[in-house]
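Protein chains in written order, with my numbering: chain A, 1 to 373; chain B, 1 to 274.
If you are wondering where the hints come from, they were derived from the structure by calculation, not from laboratory data. One thing to keep in mind: the hints can contain errors.
Said to hold, decoys possible - As a list, the in silico DSSO-like pairs of lysine-lysine whose alpha-carbon atoms are at most 27 Å apart:
1. A/LYS228 with B/LYS40
2. B/LYS237 with B/LYS160
3. A/LYS200 with B/LYS40
4. A/LYS214 with B/LYS12
5. A/LYS188 with B/LYS40
Said to hold, decoys possible - Derived, one-sided and incomplete: chain B residues facing chain A with beta-carbon distance under 7 Å:
6. GLY26
7. LEU67
8. PHE83
9. ASN85
10. ASN105
11. THR145
12. THR146
13. PRO148
Even for Gly, the Cβ is constructed at its ideal location relative to N, Cα and C.
Spelled out from the first residue to the last, the chains are:
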Amino acid sequence: MQGNEAVVEGAIRAGMRFYAGYPITPSTEIAELCAEKLPFVGGKFIQMEDEIASMAAIIGASLAGLKAMTATSGPGFSLMQENIGFAAMAEVPCVVVDVQRMGPSTGMPTSPAQGDVMQSRWGTHGDHSIIVLSPSSVKEAYYVTIQAFNLSEKYRTPVVILMDEVIGHLRETVNLDEYGDIEIIERKIPEDIENYLPYKDIENGVAPLIPFGKGVRYHVTGLVHNEKGLPTNDTKIAERLIKRLVDKIEKNKEDIVMYKEKGEKEGDILFISFGSTSRAVEAAEEELKKEGFKVGIFRPITIWPFPDTRLRKIYPKFRKIFVVEMNRGQLYYEVDRVVKREGEVENINKANGEFFTPCEIVEKVKERIKNGF
Amino acid sequence: MASRLVEEYFRKETLPNIWCPGCSNGIVTMAIVRAIDNLKIGKDKVVVVSGIGCSSRASGYLDFNTLHTTHGRAIAFATGVKFANPELTVIVITGDGDNAAIGGNHFIHAARRNIDITVVMYNNHIYGMTGGQASPTIPRYDKATTAPYGSIDRDFDICKLAIGAGATYVARGTAYHVQQLVKLIEKGISHKGFSFIKAMSICPTYYGRRNKKGSPADMLKWLKDNSIDINKAAKMKPEELEGKIIIGEFVNIEAPEYTEEYQKMVERLKVSVK
Chain A
1 MQGNEAVVEG
11 AIRAGMRFYA
21 GYPITPSTEI
31 AELCAEKLPF
41 VGGKFIQMED
51 EIASMAAIIG
61 ASLAGLKAMT
71 ATSGPGFSLM
81 QENIGFAAMA
91 EVPCVVVDVQ
101 RMGPSTGMPT
111 SPAQGDVMQS
121 RWGTHGDHSI
131 IVLSPSSVKE
141 AYYVTIQAFN
151 LSEKYRTPVV
161 ILMDEVIGHL
171 RETVNLDEYG
181 DIEIIERKIP
191 EDIENYLPYK
201 DIENGVAPLI
211 PFGKGVRYHV
221 TGLVHNEKGL
231 PTNDTKIAER
241 LIKRLVDKIE
251 KNKEDIVMYK
261 EKGEKEGDIL
271 FISFGSTSRA
281 VEAAEEELKK
291 EGFKVGIFRP
301 ITIWPFPDTR
311 LRKIYPKFRK
321 IFVVEMNRGQ
331 LYYEVDRVVK
341 REGEVENINK
351 ANGEFFTPCE
361 IVEKVKERIK
371 NGF
Chain B
1 MASRLVEEYF
11 RKETLPNIWC
21 PGCSNGIVTM
31 AIVRAIDNLK
41 IGKDKVVVVS
51 GIGCSSRASG
61 YLDFNTLHTT
71 HGRAIAFATG
81 VKFANPELTV
91 IVITGDGDNA
101 AIGGNHFIHA
111 ARRNIDITVV
121 MYNNHIYGMT
131 GGQASPTIPR
141 YDKATTAPYG
151 SIDRDFDICK
161 LAIGAGATYV
171 ARGTAYHVQQ
181 LVKLIEKGIS
191 HKGFSFIKAM
201 SICPTYYGRR
211 NKKGSPADML
221 KWLKDNSIDI
231 NKAAKMKPEE
241 LEGKIIIGEF
251 VNIEAPEYTE
261 EYQKMVERLK
271 VSVK
């Protein structure tokens, strides 16, 4: 199965019943498979006129009661940003898949890159928080997609699945039954709908979302709004709203973050990487181990919010930290923020449309430590 | 009548509205409310989606399921709502800047799909919320803050665009001819397919003042004196129609509707829909 295919399987398992999208490589298989499969599970597929409309349509569909998703790559992801901000502000659950390709602009279609790390966090304007997940295998793409829907429902937020071309197009043998029963979070309609306030902090920083047409009429807007959803210019309400939008994710970080660790718990080198790059890093780790180095790997699956609590616990036991990513250094900044000691975080970057080889990672590590740690 | 409609269909805590004295947005909004009331559609089943601009603020005042979206994108959001739950009556409130400029692409594609939503475009020739810049529907050589010497752009005939794009109900009314406007909106909502109603409106504050159109009453009177019914217009010469507003129904045809077509496809595939 291909990575993009695993996303569709995971989405349908999670209850996705609405897909709106616009063709763009390397994400197109996701749209094609949704068009093929959704009619058979009671779902809806629509090809929109552009990515702006795709993002708008999934927000509308989510408000009308269906779990909704779209998928794209860099140029389309840029177009979606304004409406991603709308979903964040209006707290509409939805899932956006960005199968990264090399940019900026049209870049090198469609070679792999991981250049959208910061865009996925800060691409839309204004203060907000967001959840971004990055799988590193086909199997994990399936699992992460299910969790993306769960988190988007639980926290009423857009969730970005930050794939890359390698994982999107990678074919691996997977056994999806391996995961057994995965909890699927569904929308709960509260009993007391008379006094329903769509923007009141009830659980996890949000109120349950009652779809349009269920007998509760309320307003949804991108303007600053009160608990009823009605626009206001009250600065106290504005302060409270923005704080809640950020806190509901940042304060529930420990519930949201996922990561994987491999190798030594202490030693010489700690690698930090995500997505497809971590596959090359794992091979590099084997190689360095053979040469006598003590190497550990920390792989965040949740990129945003960044699993900093965990990283703070493990990094002091290593002499040197290497952040490996297919860009000129983006997650590096976040790692550097967490690791306060100077000179310990190094980045290994590649941004030429070519995937990392384990050898070049090994070589770069050795080059950096040739004069000792 | 009006007070009952306000009582029943408006969120009174949101009133008074933000519109300037003399603005006709209230007239057009009330025409939409009257149409919904006449059709006796339950409030719970109506979704009003709007974009950004003066007219788009109407959604906040109305006691339906309301969605105030991003600039130009109301129809794309509405497409998602309608397609996800075709039982809902979906009405889009938009302005000429919102719909004819930034939202033009979504407008033509929704018309092409013939998805069953009703779009009411309040047409006041300018961007009111940002202070009176020229919109694509400003008459040629009229002035606006971004056309201080008169607009040299040709103005966009949005009804023709809607027809060309495949809309199956297209009409034009005015804020003066209220009874007719209510009927046109009623028919648009009842029509199965993409319906477009252009409501000629007045903005005395920006468009009127800059173009010396007189008081709000003068501007409404101008709409009265310069509008010609489509049936009467059919018998007139093109030169007699120069600068006139033709009002009435341009298109009212049946064609396959998008959400029904999807459902038919699903049935063809013989699947049991949950």
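Name the hints, by number, that the structure is in violation of.
Structure breaks hints 3, 5, 6, 11, 12 and 13.
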